[in-house]
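K.L.:
Take a look at the letters that make up each chain.
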Amino acid sequence: MALQSLDIKARSATTTPSPDVRAAGAIPVAKLIDISKCIGCKACQAACMEWNDLRDTIGENVGVYDNPADLSAESWTVMRFSEVEVEQGRLEWLIRKDGCMHCANPGCLKACPSPGAIVQYSNGIVDFHEENCIGCGYCITGCPFNIPRLSKKDNKAYKCTLCSDRVAVGLEPACVKTCPTGAIVFGSKVDMIHHAEGRITDLKERGFQNAGLYDPQGVGGTHVMYVLQHADQPQLYAGLPNDPSISPMVAIWKGITKPLMNFGLGMAVLAGLFHFVTQGPNEAKEEEEEKQ
Amino acid sequence: MSQGKLIERYNASERANHWLVAISFILAALSGLALFHPAFFWLTNLFGSGTWARILHPFIGALMFLLFIVMALRFWKHNRITDADRQWAKHMTEILQNKAKDLPEIGKYNLGQKYLFWALLTTITLMLISGIVIWQPWFAPLFPIPLLRIAVLVHALSAFVAILCLIVHVYASYWTRGSIRAMTRGTVTAAWAKHHHPAWFREVMNKNR
Ligand code: HEM
Ligand code: SF4
Ligand code: SF4
Numbered sequence: 025m026a027l028q029s030l031d032i033k034a035r036s037a038t039t040t041p042s043p044d045v046r047a048a049g050a051i052p053v054a055k056l057i058d059i060s061k062c063i064g065c066k067a068c069q070a071a072c073m074e075w076n077d078l079r080d081t082i083g084e085n086v087g088v089y090d091n092p093a094d095l096s097a098e099s100w101t102v103m104r105f106s107e108v109e110v111e112q113g114r115l116e117w118l119i120r121k122d123g124c125m126h127c128a129n130p131g132c133l134k135a136c137p138s139p140g141a142i143v144q145y146s147n148g149i150v151d152f153h154e155e156n157c158i159g160c161g162y163c164i165t166g167c168p169f170n171i172p173r174l175s176k177k178d179n180k181a182y183k184c185t186l187c188s189d190r191v192a193v194g195l196e197p198a199c200v201k202t203c204p205t206g207a208i209v210f211g212s213k214v215d216m217i218h219h220a221e222g223r224i225t226d227l228k229e230r231g232f233q234n235a236g237l238y239d240p241q242g243v244g245g246t247h248v249m250y251v252l253q254h255a256d257q258p259q260l261y262a263g264l265p266n267d268p269s270i271s272p273m274v275a276i277w278k279g280i281t282k283p284l285m286n287f288g289l290g291m292a293v294l295a296g297l298f299h300f301v302t303q304g305p306n307e308a309k310e311e312e313e314e315k316q
Numbered sequence: 312m313s314q315g316k317l318i319e320r321y322n323a324s325e326r327a328n329h330w331l332v333a334i335s336f337i338l339a340a341l342s343g344l345a346l347f348h349p350a351f352f353w354l355t356n357l358f359g360s361g362t363w364a365r366i367l368h369p370f371i372g373a374l375m376f377l378l379f380i381v382m383a384l385r386f387w388k389h390n391r392i393t394d395a396d397r398q399w400a401k402h403m404t405e406i407l408q409n410k411a412k413d414l415p416e417i418g419k420y421n422l423g424q425k426y427l428f429w430a431l432l433t434t435i436t437l438m439l440i441s442g443i444v445i446w447q448p449w450f451a452p453l454f455p456i457p458l459l460r461i462a463v464l465v466h467a468l469s470a471f472v473a474i475l476c477l478i479v480h481v482y483a484s485y486w487t488r489g490s491i492r493a494m495t496r497g498t499v500t501a502a503w504a505k506h507h508h509p510a511w512f513r514e515v516m517n518k519n520r
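These protein sequence lines map, in sequence, to chains A and B. For the record, in the first sequence the residue sitting at position 151 is 175 according to my numbering, with numbers rising by one throughout. For the record, in the second sequence the residue sitting at position 133 is 444 according to my numbering, with numbers rising by one throughout.
Since the hints were derived computationally from the structure, they do not count as laboratory data. Given the structure is predicted, the values throughout are model-derived calculations rather than measurements. Glycine included, every Cβ here is placed at the ideal spot set by N, Cα and C. Each hint should be verified, as a subset may be incorrect.
[Unchecked claim] Heads up, incomplete: computed chain A residues facing chain B, CB under 8 Å, no partners named:
id	residue
1	N170
2	E221
3	V274
4	K282
[What the hints assert, rightly or not] The calculated DSBU-like cross-link candidates involving lysine-lysine, where the alpha carbons are at most 30 Å apart (straight line), are:
id	chain 1	residue 1	chain 2	residue 2
5	B	K425	B	K316
6	B	K518	A	K309
7	B	K388	B	K316
8	B	K401	B	K388
9	A	K309	B	K388
10	B	K412	A	K180
11	B	K412	B	K388
12	A	K180	A	K309
13	B	K419	A	K309
14	B	K425	A	K282
15	A	K309	B	K316
16	B	K425	A	K309
17	B	K401	A	K309
18	A	K309	B	K410
[Said to hold, decoys possible] So, partial list: chain B residues that the calculated Cβ filter (under 7 Å) puts toward chain A:
id	residue
19	A323
20	A411
21	T498
Throw the hints in and build the complete structure from the sequences for me.
P.N.:
Following this line, the structure appears as structure tokens:
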């Protein structure tokens, strides 16, 4: 859904500038998820379903607390539970709210071939506009966090919108609004980094020497950030990538090769034309024709 | 221009096969190019919409592959590369300048045509394999994401080579006067055969004696 009140910084498969005159006033936003404060109640999952009118099919218990077991076109956020022993004999239950990270350099947007199916607002939110989505699944190959899901019902790609519709009218995302422990907070990215710094100092005082902020620079930073107790080992948190970036395969595929290939095809056509007008046709000689 | 004697080059079934491949290849190329780069996205309009282009493309491609394989099996034996071909290739510049004389005697196809055959066979097979891997919603969910990334790159690169081959192929048959009728009418003039494919001409003449 296009939001006329939000300017667009980048638009998939578009080579001309996007509507951007009001961008100067846009403040980059961020959602900060403090994993050390999360109790795994899944209120945010329920709030997400509520606000976005999503009702996933009832799944099956797969033996862990993750429910549903994975993200889907109807579950845009999922709590992932990891039992780890960073220190021998000291069990820790790490609960990470998984969902779109709203990358500053979004691989999904880069991969998408359909104009305007993925947009990035000037405030940093990456949004899928399903009415322009053709269902090719390229965004899935582009995303370093394995987030977008194609719906089995309509073959369109869905993911967390960071409640762009709420943010556009000055509200915080539904998950933030509902979190009972204040583990999820929302505001300008600068404020959220500042808030995280306070939390990290606190965690360090409590013995988490490696506490830190997860705002991976490989994708230009993200507009959803985590406070991690063990920021030196993000993979402890249900495989959160250590140093995510857009895969080099995707970079080659969508990078310079495409314009070069376009150029190559154009030149081949021109080469044919100019060969013909300079050298003329290749004909069997008249005498050979006569001899028959 | 006198017609001279006519020689059959392709029978009706081979011609039908070729044109079915040609039509499906062009439709696959147009719908594929539409997703290849924003500059070509307008091509999706030829298929109804972006979504329709995405849905139809793999089916057209798979059909094209089947038709192509039938054709390739029929033409296979004429496409083995020989010494005469290698000799012929040394005269490339003169050939392109229409100045070639005393060329080595080549068979039904020259080296350019044979390379085209093998290049298309390779790229079309690669496109089938990579295309199945990235085929949503049927097959792609069965493969890990890193493989999808490789497949989509392989698919785009092979498509580029294949479309380049097509451009060369179309131009070469237009440039070489008297070739197009081989695929439209099935016949070529004896002069054409003798000039462009002397070894094949002799073979046909001996057989018909
Ligand atoms: C042999 C069977 C083929 C299959 C199964 C296949 C399948 C696919 C699939 C699944 C896609 C992704 C978009 C979509 O879902 O429509 C695609 C993209 C594409 N295909 Fe094919 N295809 C085949 C043959 C061809 C042929 C013959 C050509 C052209 C000569 C071609 C050119 C392309 C191009 C240019 C793209 C866009 C790639 C990109 O975005 O970089 N394909 N193909
Ligand atoms: S599935 Fe939709 S959103 Fe994803 S890349 Fe394709 S067109 Fe874009
Ligand atoms: S996490 Fe994935 S889906 Fe979300 S913005 Fe980044 S690349 Fe796109």
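K.L.:
Each hint needs a verdict: does it hold in this structure or not?
P.N.:
Evaluation of the provided hints:
A least Cβ separation of about 6 Å between N170 of chain A and chain B falls short of the 8 Å threshold, and the interface hint therefore holds. Here the hint on E221 of chain A is broken, as its CB sits about 34 Å from the closest CB of chain B, past 8 Å. Look at V274 of chain A: its Cβ gets to within about 6 Å of chain B, closer than 8 Å, so that hint holds up. The beta carbon of K282 of chain A is positioned within 8 Å of a beta carbon in chain B (closest approach about 5 Å), and the interface hint is therefore held.
Proximity of K425 of chain B to K316 of chain B is assessed by CA-CA distance (about 26 Å); at most 30 Å being required, the pair is judged to hold. Between K518 of chain B and K309 of chain A the alpha-carbon distance is near 25 Å, which keeps this suggested pair within the 30 Å criterion. Proposed proximity of K388 of chain B and K316 of chain B is supported: the alpha carbons are some 26 Å apart, at most 30 Å. Distance check on the hinted pair: K401 of chain B and K388 of chain B sit about 23 Å apart at the alpha-carbon level, within 30 Å; holds.
A C-alpha spacing of about 29 Å is found between K309 of chain A and K388 of chain B, which places the hinted pair at or below 30 Å, so the restraint holds. Between the alpha carbons of K412 of chain B and K180 of chain A the distance comes to roughly 61 Å, so the proposed pair goes past 30 Å and is violated. Distance check on the hinted pair: K412 of chain B and K388 of chain B sit about 27 Å apart at the alpha-carbon level, within 30 Å; holds. A C-alpha spacing of about 60 Å is found between K180 of chain A and K309 of chain A, which places the hinted pair above 30 Å, so the restraint is violated.
Among the hinted pairs, K419 of chain B with K309 of chain A is consistent with the structure: their alpha-carbon atoms are about 19 Å apart, no more than 30 Å. Using a Cα cut-off of 30 Å, the hinted pair K425 of chain B and K282 of chain A holds, with the two alpha carbons roughly 28 Å apart. With a C-alpha separation of about 15 Å, the suggested pair K309 of chain A and K316 of chain B falls inside the 30 Å cut-off, and the hint holds. Straight-line distance between C-alpha atoms of K425 of chain B and K309 of chain A comes to about 24 Å, which keeps the hinted pair within the 30 Å bound.
Only pairs whose Cα atoms come within 30 Å are accepted, and K401 of chain B paired with K309 of chain A is accepted, the gap being roughly 22 Å. Restraint check for K309 of chain A and K410 of chain B: the C-alpha separation of about 11 Å stays at or below 30 Å, so the hint holds. Taking 7 Å as the C-beta contact cut-off toward chain A, the hint placing A323 of chain B at the interface is violated, the least distance being around 24 Å. Checking A411 of chain B against chain A by beta carbon gives a least distance of about 9 Å; that is not within 7 Å, so the hint is violated.
With its C-beta approaching chain A no nearer than about 13 Å, T498 of chain B sits outside the 7 Å limit, and its interface hint is violated.
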